[in-house]
Amino acid sequence: MAQRCHPNGSGLAGASDTLDGTNPNGPGFVLLNQMVVGGAIEVATGDCTRRLKTALEQLDIPAHFELRDRGTHSWGYWQDDLHDSWPMFEDALAA
-8 MAQRCHPNGS
2 GLAGASDTLD
12 GTNPNGPGFV
22 LLNQMVVGGA
32 IEVATGDCTR
42 RLKTALEQLD
52 IPAHFELRDR
62 GTHSWGYWQD
72 DLHDSWPMFE
82 DALAA
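Under this note's numbering, the residues of the sequence shown are numbered -8 to 86, in order.
For the record, the hints were derived by calculation from the structure and aren't laboratory data. This structure is a prediction, so every number in the text was calculated from the model and none was measured. Note that the Cβ used here is the ideal one computed from N, Cα and C, for glycine as well. One should not assume that every hint holds.
[What the hints assert, rightly or not] With beta-carbon atoms standing in for the labels, derived distance ranges:
(1) Arg59 - Asn24: 18 to 24 Å
(2) Ala85 - Val28: 34 to 40 Å
(3) Asp82 - Cys39: 24 to 30 Å
Given the sequences, and given the hints that come with them, work out the whole structure.
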């Protein structure tokens, strides 16, 4: 069974990086912070995730990765990924 790993965006602005996107902290300056700081965080974690993916592939360890071409380190993406991950959690909890 493949292990599910943390999804990563590229650090580029995506669907949740807009004034009307999912942002529990409000619009304006918060959006700028989300894109600058969140983008930088996602670039760094994305690099680590890609290296982990390569290492696991070389060791023939199955794992599932969500590597996206857009997205910052912000709530809208976490919320989407949590919803998308529910079937895996459901299967694990039913075991």
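Hint-by-hint comparison with the structure:
{"no.": "1", "hint": "Arg59 - Asn24: 18 to 24 Å", "in the structure": "holds, 21 Å"}
{"no.": "2", "hint": "Ala85 - Val28: 34 to 40 Å", "in the structure": "holds, 38 Å"}
{"no.": "3", "hint": "Asp82 - Cys39: 24 to 30 Å", "in the structure": "holds, 27 Å"}
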